[in-house]
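Engineer: Generate coordinates for the entire structure from the input sequences, incorporating the hints supplied.
Chains as they are written, first to last, in the numbering used here: chain W, 1 to 339; chain L, 340 to 667.
A couple of the hints might just be wrong.
Unchecked claim - Incomplete in silico selection of chain L near chain W, CB under 8 Å: (1) S386; (2) G502; (3) D530; (4) T532; (5) Q536; (6) D539; (7) V561; (8) A584; (9) V612.
To be verified - Restricting the straight-line Cα-Cα distance to at most 20 Å, the calculated cross-link-like pairs of lysine to aspartate or glutamate (DMTMM-like) are: (10) L/K610 to W/D220; (11) W/K56 to W/D6; (12) W/K263 to L/D558; (13) L/K610 to W/E72; (14) W/K261 to L/D558; (15) L/K610 to W/E237; (16) W/K249 to L/E606; (17) W/K263 to W/D211; (18) W/K261 to L/D567.
Said to hold, decoys possible - Footprint (simulated), chain W over chain L, 3 or more residues, beta carbon under 8 Å: (19) 508-516; (20) 597-608.
Hints in this document: simulated from the structure, not taken from any laboratory. Built from N, CA and C at the ideal position, the CB exists for glycine as well.
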Amino acid sequence: MLDVRDLCVHFPVRSGIIPRHAGFVRAVDGVSLHIQPGETLGLVGESGCGKSTLGKAIVRLLKPTSGSIHLEGTDITGLNQRALRPLRRNFQMIFQDPAESLDPRMSVQAIIEEPFIIHGLGDRANRRKQVHELLDRVGLPAAAGERYAFEFSGGQRQRIGIARALALKPKLIVCDEPVSALDVSVQSQILNLLVELQRDFALSYLFIAHDLSVVKHVSDRVAVMYLGKLVELAPAETIYRDPRHAYTKALLSAIPSPDPKVKRAKILLEGDVPSPINPPPGSAFGHRMSHPRYAETIGADLSLGRIAPGHWLAADPCCISNEDLAALRKGSGTRQSPA
Amino acid sequence: MSPPADIILEVDKLITSFETERGMLRAVDQVSFSVPRGKTVGIVGESGCGKSVTAMSIIRLLPQPAGRILGGQVRFKGLDLVRASDAEMQKIRGGDIGVIFQEPMTALNPVHRIGRQVAEIFRIHKKFSRRDAWDAATEMLQRVRIPDPEKRMMDYPHQLSGGMRQRIVIALALACKPSLVIADEPTTALDVTVQAQILDLMTQLQDEIGMSIILITHDLGVIAETCDEVVVMYAGRVVERASAADLFDHPLHAYTRGLLQSIPTLETPSKAVLQTIPGMVASLADHVHGCRFCQRMGRRSSVSNERPRFAEVAPGHWAEICPLCTSQ
Ligand SMILES: Nc1ncnc2c1ncn2[C@@H]1O[C@H](COP(=O)(O)OP(=O)(O)O)[C@@H](O)[C@H]1O
Ligand SMILES: Nc1ncnc2c1ncn2[C@@H]1O[C@H](COP(=O)(O)OP(=O)(O)O)[C@@H](O)[C@H]1O
Ligand code: SF4
Ligand SMILES: [Mg+2]
Ligand SMILES: [Mg+2]
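Structural biologist: What follows is the structure, given as structure tokens:
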């Protein structure tokens, strides 16, 4: 369905009064992953680690610096906007704050109808009917079409955003923090809707969120990202039960449990997320922890390798056990994109 | 009547309203709760339910002139803050009551160095000399575990990360060893690993200084991990109040139960249908005589035109009760 290899998105940094080139933000730095039809891949990591940039590059709202993106076998990496247009209907993106992506001057009908018009599909009556069906599908009354997006609550606006994304029956939707801004009672409504739509339309999701409980709930597999790179990827159940990377462990231990009887031992990290501008040359997380083996990681291959079926881990001596490291080094032949 | 000795703050039937184009809006409607000495009381509820307005009413920082306290008392160490003079309030804020907001930049001045801002607290509230204030500020940064405090004193706020800035705000709030700290969503803008650091820091400082904390959050996980007692608010009212253990163990009000059941936890089966609370949070602008939650559930309140009674159902466990929705 989706196959991403060695994807890099670097932004030039300009500084000074006369803007001049001052290096790169390595927002996404060598990410490989794939998503199967009907599957949800969860993507977690701290803010600024590159999740949104990865998502936007996948739906080609951004141009990758290098690497490749194949969607159903078609290489979309280098296509220009015109060549992308007929393919766009297959992949959509929904955002944290739907208000930003919904034009306040357009009625809800016009917003949802727009993709049909862009793609020259259906006549007026037909489009109207489709919009009503979509509104119904996402749990909004047909009358909502006559109103403007700003008249709706956050949860309802997210429903409008979902209806628009669904309009052309996409195969993949990148969901970028779709419930982060919503109250919990509304969040669960939207999560239920997304799960239901996935089942009915065999949708694939790349589901980006910082709430790890939410990610576990919706995902089949979960990828953990740290400073532009994936550090671990495994089936959802596995990664929560048996995390192997030090960063994954810290992240999971930090989730506050809504049960006062559960007292998880927290792994408290020192310091902050390092900057993706001129990142440390070796293991970024090893650097943050001032790990004694950090020097070993400079220039080393820290890409993901397989330690168990479906369980991929960065071969980083600072962050994983010696056994896992030995296993990864021994099987370095299998070290390629998580398949 | 003054509060019992082990109660540091007592909010009693507090009513706060806003003047809006649509008329008077009761953002806080007869809210009562108390804060025991050295303990943490959480206030939880969905956005717009009145958590921040409750906090702002306590420290008398309501947006003016729209916001007004119409009734009730806020008893803090023998003083009714609702009726205290502005001068008294100025002394208390940042002195005996520290305040931490979600966005650290609301408390920090972007054009002044960190050191100057923290030192200023000691100069104003403790009348320290310039020199002593600077030393006290450095020590305070150390207390909130900021690495290299001498160096950071010379930084401007924008040079620090969100987590470090929130530590500075905590340093400001705790500088005068307050008896009470009000923290309004102090970790909501932070990443979960940084949130864990900040909550851990607040708990440690509570052990050292012994202050009480009012922790406002919409995150039931944060409540469960840090609070001794919990106040659940819905549409401007307290619908339930209990120790954290009791509240999570047997929530009484339908709204509390709805909230608890709608969050996925690590134990929830993957992609299972989550419980939802139908409808939307009630709009405060609509006048409701009966129960606001009944209104949301689209049912006629059994006590139709009356507000349900708020009663102590079990020792220390209070809830709005009425036969329709509160099970026991
Ligand atoms: N258009 C851009 N130009 C320059 N830097 C950018 C741009 N977009 C994102 N970045 C930087 O890339 C990094 C990753 O950002 P982002 O993908 O938004 O992270 P996340 O979604 O994980 O919070 C950040 O350091 C961010 O500042
Ligand atoms: N400055 C204001 N003017 C008018 N209404 C306000 C103002 N501030 C808050 N409110 C209203 O008070 C209610 C409670 O707000 P608040 O206490 O901020 O909620 P929260 O629980 O999210 O902190 C909201 O419904 C809001 O509309
Ligand atoms: S049944 Fe009673 S307590 Fe429950 S929501 Fe209605 S009035 Fe409130
Ligand atoms: Mg993002
Ligand atoms: Mg608030």
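Engineer: Hints numbered earlier in the text: which of these fail when held up against the supplied structure?
Structural biologist: 13, 19
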